[in-house]
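A.B. asks: Listed below are the residues making up each chain.
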Amino acid sequence: MPLTLIKAAFDRAIGKAVAADLPTTPELKSHYDVVIVGGGGHGLATAYYLANYHGITNVAVLEKAYLGSGNTARNTAVIRSNYLTPEGVEFYRASVDLFQDLSYELDFNMMYSERGQLTLAHTDANLRSFRQRCAVNQHFGGRTEMISPDEIRHLVPSLNMHPGHYPVLGGLWHIEGATARHDAVAWGYARGASRAGVELHQLTEVRDVLVESGRVVGVATDRGRVGAGCVIQAVAGHSSVLAGYAGFKLPITTYPLQAMVTQPVKPFLDPLVSSPSLHCYVQQTSRGEIVIGGGSDPYPLYNTRATLGLKEQLVANAVELFPRMGELRTLRQWAGLTDMTPDYSPVMGLSPVENYYLDAGWGTWGFKATPIAGKLMAELVAGDGGVPRLMQPFSLERFRSLNLVNEMGATAASH
Amino acid sequence: MKQILCPMNGLRDIDEFVYGGVVRDMPDTAHCSDEDWSEYLFLMDNTAGLVREWWLHSPSGYWFIAERDTVSDVISATFDPSLFFTWAAAEHTQANSDD
Ligand SMILES: Cc1cc2nc3c(=O)[nH]c(=O)nc-3n(C[C@H](O)[C@H](O)[C@H](O)COP(=O)(O)OP(=O)(O)OC[C@H]3O[C@@H](n4cnc5c(N)ncnc54)[C@H](O)[C@@H]3O)c2cc1C
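Chains A and B, in that order, give the protein sequences. Heads up: the first sequence at position 251 corresponds to 251 in this note's numbering, and the numbers run straight through without jumps. Heads up: the second sequence at position 81 corresponds to 81 in this note's numbering, and the numbers run straight through without jumps.
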């Protein structure tokens with residue numbers, strides 16, 4: 001064995017033990033100022049901003065499995081802000097801004113990679129709605145433009161310009177479209193929160209929410225009861241279950257969303273490419289794998305099983321877009337439980353129960369929102385009762401007052 | 001492929017069926033408040049467990065009711081839709097006899 005290796009081993013043994021990024025789960029205390037249910041990106045980001053920006057550190061994150069094991073681990077990591085509604089565009093832009101600096105903020109490599117996102121128009125109706133999205137984006141300072149088939153050919157030479165008998169008539173080119181390493185988002189926020197004093201409780205399932213005269217006082221877990229000054233639920237596909245414990249209903253239905261990834265190959269695809277008409281989007285990761293995503297399952301379900309029919313459809317459409325992918329093999333495939341809302345916008349902020357806050361309705365679009373959702377949820381909880389401006393359009397109350405934020409146009413291909 | 005026992009057409013591939021939402025009572029539109037109506041439209045039980053749902057056998061245009069577990073995805077029973085009205089009538093008499 002080379003001497004230098006032995007020397008390094010001794011140095012380490014004698015000198016410093018390698019510090020674990022995340023501590024093991026501690027004993028549960030009887031009371032916390034803030035209890036966050038759900039240790040996905042959203043819950044962990046909220047904990048991070050509470051502790052580091054508002055000095056609120058008596059916080060516990062309760063996660064029934066392991067950190068980032070839900071949709072944070074299962075999403076296809078498309079980060080973009082080229083939505084349709086002004087409320088949505090402004091909100092997601094703020095998130096993309098935070099994402100761009102996140103590796104520095106957390107001192108953790110997010111592998112943030114700005115590739116640009118290309119959405120293909122196959123019909124005149126597509127072109128019209130893309131022009132509208134383009135105008136709304138530019139109004140809010142986004143770098144988005146309409147491009148021609150020639151420009152598309154130049155940008156993505158391997159693209160079939162006639163996929164599934166659809167012509168490619170043009171594209172919405174979102175220069176800021178990006179991807180990142182999803183696990184790193186959870187881990188980076190978790191480490192930052194834990195270093196600031198937040199307790200991370202894995203394998204801790206919340207089974208009831210304790211409410212006394214309209215106000216939350218704690219939660220019951222499989223490890224005992226915990227008192228809480230306030231509670232935030234950030235549990236994605238289980239949003240209705242948690243709200244049910246707290247005694248109210250949400251405008252949410254849980255649907256599986258499936259995705260898959262191929263074996264790694266040499267880089268051939270730089271931008272993220274999406275075809276709403278084919279219900280399919282494709283991108284190549286930094287490792288060389290091709291990620292394939294598409295539309296939701298056809299009926300609601302609380303089960304992450306996969307179906308051959310949907311997977312076949314995904315592959316067929318991906319191969320239509322990039323015929324050379326026909327030679328690749330599938331490496332992994334999976335599903336996540338998404339909390340779908342009728343208007344494809346989130347449900348954030350106040351709930352019918354006092355001091356019980358919602359971070360829900362993230363459906364198939366919430367990974368990109370992780371930083372801004374965490375930041376705003378922390379502001380809401382730490383503040384004097386006012387709801388932060390960017391969050392206001394997404395209140396649960398909008399369903400009663402019929403002020404829906406209709407993101408339909410932007411989510412034909414869910415991602 | 002997963003199959004559903006259609007009360008009219010027998011066992012068919014699930015691809016032939018379209019999900020139609022949970023079986024529930026619609027409020028009386030002539031008299032209900034805006035609040036009741038928006039609640040009916042938007043607020044969902046989204047039950048994790050056994051539910052009764054509307055399903056459509058698309059090729060034959062036949063609507064029926066299925067009992068499905070939304071956690072295991074097992075469909076335990078399917079019914080002809082006429083039962084929906086029998087249930088509604090039964091609940092109605094139940095409600096009246098409670099008065
Ligand atoms: C296949 C797929 C592709 C997607 N692609 C994209 C994309 O490209 N871009 C994008 O922006 N979004 C995408 N999304 C959506 C995105 O993944 C989610 O909106 C986002 O990750 C939600 O984060 P979260 O932290 O709220 O939820 P999660 O990461 O799911 O975390 C919730 C956590 O709560 C825990 N939990 C649940 N119940 C309890 C309980 N009773 N007690 C304790 N803990 C509990 C769960 O175990 C889970 O870890 C995709 C989703 C899927 C499934």
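Derived from the structure by calculation, the hints contain no laboratory data. One thing to keep in mind: the hints can contain errors.
Below, a sample of chain B positions facing chain A; criterion: calculated Cβ distance under 10 angstroms [said to hold, decoys possible]:
#, residue
1, Lys-2
2, Asp-34
3, Leu-43
4, Met-44
5, Glu-67
Source: prediction; values computed, not measured. Backbone N, C-alpha and C define an ideal beta-carbon position, used for all residues, glycine too.
A.B. asks: Does each hint fit the structure? Answer for all of them.
C.D. replies: Results for each hint:
1. Lys-2: Check passed: Cβ of Lys-2 of chain B comes within 7 angstroms of chain A, closer than 10 angstroms.
2. Asp-34: OK, holds: Asp-34 of chain B within 10 angstroms of chain A, min 8 angstroms.
3. Leu-43: holds, 4 angstroms
4. Met-44: At about 5 angstroms, which falls below the 10 angstroms cut-off, the nearest Cβ of chain A leaves the hint on Met-44 of chain B intact, so it holds.
5. Glu-67: violated, 14 angstroms
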